[in-house]
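**Student:** Using the sequences and the hints, build the whole thing.
Protein chains in written order, with this note's numbering: chain W, 1 to 187; chain D, 1001 to 1187; chain U, 2001 to 2187; chain Y, 3001 to 3420; chain X, 4001 to 4420; chain P, 5001 to 5420.
Everything labelled a hint here was simulated from the structure, so no lab data went into it.
Errors might be hidden in some of the hints.
The calculated DSSO-like cross-link candidates involving lysine-lysine, where the alpha carbons are at most 30 angstroms apart (straight line), are [claimed, not checked]:
| id | chain 1 | residue 1 | chain 2 | residue 2 |
| --- | --- | --- | --- | --- |
| 1 | W | Lys66 | X | Lys4131 |
| 2 | Y | Lys3330 | D | Lys1170 |
| 3 | Y | Lys3264 | Y | Lys3013 |
| 4 | U | Lys2062 | P | Lys5073 |
| 5 | U | Lys2165 | U | Lys2031 |
| 6 | X | Lys4410 | W | Lys62 |
| 7 | Y | Lys3073 | D | Lys1066 |
| 8 | Y | Lys3126 | D | Lys1062 |
| 9 | U | Lys2062 | P | Lys5382 |
| 10 | U | Lys2130 | D | Lys1031 |
Per the computed footprint, the stretches of chain U lying under chain W, defined by three or more beta-carbons under 8 angstroms from a beta-carbon of chain W, are [to be verified]:
| id | segment |
| --- | --- |
| 11 | 2022-2035 |
| 12 | 2157-2166 |
Backbone N, C-alpha and C define an ideal beta-carbon position, used for all residues, glycine too.
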Amino acid sequence: MSKGCAASDAVIVHDIEQFLYQEARLLDDCKFQEWLELITDDVRYWMPVMGRRYRKGSKGMKALDKDQYEDREFSTEDELAIFDDTKDSLERRVARLDTGMAWAEDPPSRTQRMISNVTVGHGDTPSEMKVNSNFILYRTRGDLEEDFYVGSRQDVLRSEGGKWKLSYRKILLPQNVLSSKNASSFF
Amino acid sequence: MSKGCAASDAVIVHDIEQFLYQEARLLDDCKFQEWLELITDDVRYWMPVMGRRYRKGSKGMKALDKDQYEDREFSTEDELAIFDDTKDSLERRVARLDTGMAWAEDPPSRTQRMISNVTVGHGDTPSEMKVNSNFILYRTRGDLEEDFYVGSRQDVLRSEGGKWKLSYRKILLPQNVLSSKNASSFF
Amino acid sequence: MSKGCAASDAVIVHDIEQFLYQEARLLDDCKFQEWLELITDDVRYWMPVMGRRYRKGSKGMKALDKDQYEDREFSTEDELAIFDDTKDSLERRVARLDTGMAWAEDPPSRTQRMISNVTVGHGDTPSEMKVNSNFILYRTRGDLEEDFYVGSRQDVLRSEGGKWKLSYRKILLPQNVLSSKNASSFF
Amino acid sequence: MSLDVDNLVDAEKGLIGRAIYIDPQIYEQEARMVFARCWMYLCHESQIPKPGDFCTTFMGEDPVIVWRDTEGKVRAFLNVCRHRGNRLCRADSGNAASFTCAYHGWTYANNGCLVGVPHQAVAYNKNFDRKKWPLIGVAQLESYKGLVFATFDPSAPPLREYLGEMAWYLDAIFDRREGGVEVFPGVHKWVVPCNWKLAAENFGGDSYHGPWAHRSAMSTNFSARRPRQNDVQRFHLSPGNGHCVMGRQPDDASDAPEVVEYEKEGRAAVRERLGPRIDLVRPAVGNVFPNFAFNRGTASTIRVWHPRGPERTEIWSWVFVDKQAPGAVKETIRLTSLRSFGPAGTFEQDDIDNWQECTQTARGPVARGHMTNLQMGLGEEKFDEELGALASDFCISESNHRQFYHRWSKLMNTKDWAEL
Amino acid sequence: MSLDVDNLVDAEKGLIGRAIYIDPQIYEQEARMVFARCWMYLCHESQIPKPGDFCTTFMGEDPVIVWRDTEGKVRAFLNVCRHRGNRLCRADSGNAASFTCAYHGWTYANNGCLVGVPHQAVAYNKNFDRKKWPLIGVAQLESYKGLVFATFDPSAPPLREYLGEMAWYLDAIFDRREGGVEVFPGVHKWVVPCNWKLAAENFGGDSYHGPWAHRSAMSTNFSARRPRQNDVQRFHLSPGNGHCVMGRQPDDASDAPEVVEYEKEGRAAVRERLGPRIDLVRPAVGNVFPNFAFNRGTASTIRVWHPRGPERTEIWSWVFVDKQAPGAVKETIRLTSLRSFGPAGTFEQDDIDNWQECTQTARGPVARGHMTNLQMGLGEEKFDEELGALASDFCISESNHRQFYHRWSKLMNTKDWAEL
Amino acid sequence: MSLDVDNLVDAEKGLIGRAIYIDPQIYEQEARMVFARCWMYLCHESQIPKPGDFCTTFMGEDPVIVWRDTEGKVRAFLNVCRHRGNRLCRADSGNAASFTCAYHGWTYANNGCLVGVPHQAVAYNKNFDRKKWPLIGVAQLESYKGLVFATFDPSAPPLREYLGEMAWYLDAIFDRREGGVEVFPGVHKWVVPCNWKLAAENFGGDSYHGPWAHRSAMSTNFSARRPRQNDVQRFHLSPGNGHCVMGRQPDDASDAPEVVEYEKEGRAAVRERLGPRIDLVRPAVGNVFPNFAFNRGTASTIRVWHPRGPERTEIWSWVFVDKQAPGAVKETIRLTSLRSFGPAGTFEQDDIDNWQECTQTARGPVARGHMTNLQMGLGEEKFDEELGALASDFCISESNHRQFYHRWSKLMNTKDWAEL
Ligand code: FES
Ligand code: FES
Ligand code: FES
Ligand SMILES: [Fe+3]
Ligand SMILES: [Fe+3]
Ligand SMILES: [Fe+3]
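**Tutor:** Okay, here's the thing in structure tokens:
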């Protein structure tokens, strides 16, 4: 955040942390409809895919065309993604869970989200804040299945009617080959 | 919390977070006697057991008696539990560790508690606060043994003589079959 | 912290948390040069090694010389360590990563640091604060490799020119046999 | 291919080769020769009281549904869809008229019949007969005093014969009072890094470890039990077929005060039900071959040691109590039991740590080459007519261990029940 | 040592022994007899368009570099340094004239030649000849309509012969329009707890599961597809050699509106390219033996089932689209595909859960002893001259499964391609 | 059952079959034929200076206690209770008159005697003799210049004979100055995903990788070492029995300034102790067969490669220094060593990454079929009378690797030491 009063900064960060914790608890408690209410209608909910690339300057390979060599590892917005959802598709994902036939979630996964390292910056408009956080999403299902999804998020929160809503979320999972059998949870 | 001043809410949450961090550090440092001092004499320290149930409305099964079908997965207060302790039994658990013959804890487990997602609400009396938190309790012992206990807690903190004390703790571990050989730590 | 105003304590802790989060993000983003700028020239960056010892009073063994028996498990400052670095050696570690020939880090590890349980106390001088925190350093590399380094840190932060800098860090990893193939990240 | 395990179990000399705890080939043979043939404990009837009630469990590593059908009959089936082998039911318990497989929708009623095959009429030809593809039932299923057992082996002897004289000892645990016992809802399930036999032998006969391994828990009042000087004889009983029991003295009064009171008050009724033998011994702890164990006292548990590989066991442990016991007694037993047994149990933790290390040191080829010692009281056990069991002559002994492993090695080597 | 798998695959009766999904020895034999011999899909040419472009993948469990050399020729090599066996390239993709091994610095050019050996002149004696130590190339490499395949077996038939009549079905997926298809950058890679054959058989012929297993996704509009009453015949096609395809009716219009529009507009052009057979069937889903699968529709995916042990499969899945499709169609296909397939795919999740349980219940020795059922439409399939394939006579059938496993068992038992 | 590994190790042609790094059956044979027979490094005497001092370690996968008894004699035992095989001691180090087993309380004194059996008099019959159940001692234990070694094989030759000419090279590392060396308290222990032999061969003879694999660490001053043009000959030495050493030129001065100074000052004293051979070579890095390695320089380490399955090695690594070195030299060596070696070591990281990939690419059956290349300097090595070792003729060579694997294959195939 641009340097304002430390105390008021602390309050804003606190406020946003509490928003993220409430959001996480709704998801952990499978209250998906209530979760949808925290999301703006124009949300982009996006998780790109990862790859492994040699660093620029690596001596392990000699690029044929050095100038064009890129070491970006995450896919861009028009490429493949794990999630690339709108409010509508998120709503349908939630509706699917309520059909009684979403087999991979019946009995349901049990999840626990640990949100940490929350930092806040000004957004593109006065009503928006850019929020970075790290997370561990722990999921257990069946008898002994356990998954730890560890990553970070870049959110935009927008103040609507005095309440924060999520208007953009970019989720980065740094694992190249996902070790979980699915990503059936919301991040 | 009911909407008060954001700044004072922030201070209360901060204060309780610090209490939980101090508590966690005492446990990580094996200072069990000091930990007991943070606990009221009438505490209930409770960890129910988990089960797996089809969701209500599942098409994977047809209940014979649909009205009676319940999809609750955790045991209730009068059923089996992993922990169901009083101050006295907690004290005896601690005393046991000091006998020099608590074999599963000698050499001791080394633990690291990560407390996160702390939210606070008013309690049943003015001196009490309801506190929710998530945790990862990491335990390592022997050469390579590692356990990650991931769950959530519903606490009641009571102000006694100007200090917070723990008067109720409900610990939820969502794993159905615990993958750890024991639950020899305090949560 | 010695008991001051709760609100101002909250602000200080907030401030230091934000410092630690920013530091963690620089490391997660591989911005090592910027990270070095957060470190004082006289830093000691130290991670002792662990051992397993019977508790004092254990009945599993009978010491020949009971008075001399020590159950300390971490190495001391003049013994073996995993890290024992100065600003200079940290700079050289960073420089090594930029040679294009640090094979174990090319393609680079992807890391996610979860900092939690931050508590703060007065330091030895007015410009210093003692800061304790717990961490999970998640690292993934290659296809499916994942490591969870879980531990705690005892830092000293010093105010230099109105900014916090890290002047001492002791990192405790409680695992006896490290289950990771290396400790190629900064903690 | 079968290995001869005779050189690994020398019950006569009280020596055990440690490969039986760690060798994958022996584990595989055990799955076929022990777990696929013996009577296995499934659940207590009180857990599935109503028509449609079911719970899922395992017989060895085979997943099983125990299911009370609409007529009220308890049945058990492999929890496996006949079509492509999907796991049919994914819940631990509940109530169901039928399950429908999540893959293609085949539906099975609670009597095991395949009652629905989507598109059968149009997609399958007429040779396909639903009646030929019901759930695979167990070969035999019987209850004994509320305890439901089953076996996959049609040639196994009937349950009552398999239990033999052990039946009376089960009576003395589970059928002391009118109404028998009930199991508290909820189960402790966890995975421990040891071979299952180390757990089974412990509950079957390891009186020796109590005073040392559990002294910390006893000295901090997690149990009122104290070994007594006069617990001298006939403490370990092997009623045959590998089953094992340990007893207390008949007049033992080391339980919690309210429990002692309850026991005293009911003593006559118990004697009436169980006969005079109950004046000779009070059965307390035991293991029904191979992997069903119990402990009865202020801390009361029943449990199954599910094998999960040579070095891994999944423990399922319940707390039980006489159905007609007063509420205060039930609450005392509930609390004392869960503080002693289960993942946070003050007794159980120390046991498991030892079983783990007894298993894992066998990884070393040199260590594995040295046999372990089960010689306590070797040759001193005698068949006791009054108790109907081979009995040790002292309050600590390894006589039960020897019987347990003797039975195990016979089963491993012998296909025909008649030769056992 | 080789096991005879004949008793595990009875394609004529439609019965499968479950050991093929779980037995480590069968898995090992599969590695040698199936994955080291068959033509394996490597990548799409559009992923490595320029000289020096490379991507890394696996043929079975063998790591492979696919590399376009400086002259523009696509080559494939074991991703293994000839010196001490280090993994040469550790990136997924990029562009390289050469790679240098991280251990001792041997350097290989993109034609596979060993072009640099540090200190060779002084340290190696003159018998050491760099030419004898190039990267190990695959035995054969061929592209078919942009799809790059290779085999380690020099005696394997040429790709075109291996594909046989399947080639036309690949045309109908990947070469409908001028320019063929392109693959969106990025790949879903994840590990699932099932045997790879359960995934392969599913894409090869499991029309049966759709309406039940995927009803939740269909009813919430993650797909516009609906099975139709008149999808009656010739839906499952086995063009030989274990390859399998499922079709839609030729006039199917169940895609997203913009996709339907695009298909309609291009219908004549497609017919011109593919011939009149396209008026009989619209190929949609299939599996090229052994482990390359595709689905074409509003949701379009190509994928490889990499074996990773009997109970583990690593899925690599891409989204593809006709190169000349309009931007809006491409975006619809991108979004619909990633919401259906991949780790967060609403269809894929439910499939995988079922494949997992079909695999894991086979751990039990009793469950493993019961064969699974592939009898749907048994004996009703007929060779269809027009389609050049064995065709089911109904819109759901297990005829393709039977062909898949028949081929698999032949390969497992037979060393000589001529006898297959 | 034993496999003949001759076709996997062709030391004469410098070719290695990769199954030796990955095959579970070979690993199992290795446990019996190599680790259960060879002399294994246990610890340095300075780690257990006082009566009662102990540390725990492993010989292969067998857990061992090294224990100085009350009389001051160093002994070593299997860390296994004779009763039921429990792990007796669960600490890494400490001081003890006796240990008491956590299960039933058997107590063993530091001379290995079983000195306490609870209730022995009343519970065991008189045939039970405590004397017959002491801790299992190693077959032979000897120290060489502070280095404690043991073997489980009573027929193994004495340590001095086993070391042979390697003894002098150990002198040149560990006994240069009066008082020998001391080990800094604390040990690096970590698990790495590679076969142990890749680590052993690396320290035994892999001079080749340094300038490339470690250039990043050298160019950022983590080491002052630079390979020199005149390091031309006799750099790799195989003194027999599979032991390997690499040397520096005798006048090497590439250490840190204070270390160079210290070396210079002590040069005469060293020559006096070691004789004139020290003017020909300065031993620096090496591996005592099978799994004890050392590096001496500004960075100084000793370490054991504990096998933990074909693809896993547990490294235990210490830092050592001449006891009589000045404090500043000790501190320089402490810091330089821990920054080079260990989990955060700037040298060690890159080594391990390569060993990992050399192991894991062998998972592919095709890759596994191609032998790796150890042909550098093939046929150019000669026995050097002055050095008492087979010596390479150039400063980089794979002559030591060939000797290491030659010895390994002989041990794998031969039961009788006399035939080795
Ligand atoms: S697997 Fe159960 S219906 Fe197909
Ligand atoms: S292993 Fe590749 S250069 Fe040596
Ligand atoms: S196992 Fe050691 S005393 Fe019984
Ligand atoms: Fe016990
Ligand atoms: Fe599907
Ligand atoms: Fe090296």
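**Student:** Does X:Lys4410 pair with W:Lys62 here, judged by a C-alpha cut-off of 30 angstroms?
**Tutor:** 45 angstroms, violated
**Student:** Going straight from one Cα to the other, do U:Lys2130 and D:Lys1031 come out at no more than 30 angstroms?
**Tutor:** Measuring from Cα to Cα gives roughly 20 angstroms; hence the hint holds.
**Student:** Keeping to a limit of 30 angstroms between CA atoms, is the pair of Y:Lys3126 and D:Lys1062 held or broken?
**Tutor:** 28 angstroms, holds
**Student:** Can you confirm whether the C-alpha distance between U:Lys2062 and P:Lys5073 stays at or below 30 angstroms?
**Tutor:** 18 angstroms, holds
**Student:** Hint check: Y:Lys3330 vs D:Lys1170, CA-CA at most 30 angstroms. Holds or violated?
**Tutor:** 22 angstroms, holds
**Student:** Going straight from one Cα to the other, do Y:Lys3264 and Y:Lys3013 come out at no more than 30 angstroms?
**Tutor:** 42 angstroms, violated
**Student:** Checking one constraint from the list: CA of W:Lys66 to CA of X:Lys4131, max 30 angstroms. Satisfied?
**Tutor:** 28 angstroms, holds
**Student:** Is Y:Lys3073 within 30 angstroms of D:Lys1066, Cα to Cα?
**Tutor:** Answer holds: Y:Lys3073 to D:Lys1066 is near 20 angstroms, not above 30 angstroms.
**Student:** Test coverage of the segment 2022-2035 of chain U by chain W using CB-CB distances below 8 angstroms; three residues minimum.
**Tutor:** Contact hint for the segment 2022-2035 of chain U vs chain W: holds, 4 residues under 8 angstroms.
**Student:** Just to be careful, I want the Cα atoms of U:Lys2062 and P:Lys5382 compared with a cutoff of 30 angstroms; is the pair within it?
**Tutor:** 55 angstroms, violated
**Student:** Is the listed coverage of the segment 2157-2166 of chain U by chain W valid when you require three or more residues with a beta carbon under 8 angstroms from a beta carbon of that chain?
**Tutor:** violated (count 0)
**Student:** Need the status of pair U:Lys2165, U:Lys2031: alpha-carbon distance at most 30 angstroms?
**Tutor:** Given pair U:Lys2165, U:Lys2031 holds - Cα atoms ~16 angstroms apart, limit 30 angstroms.
When held up to the earlier numbered hints, the structure conflicts with 3, 6, 9 and 12 and fits the remainder.
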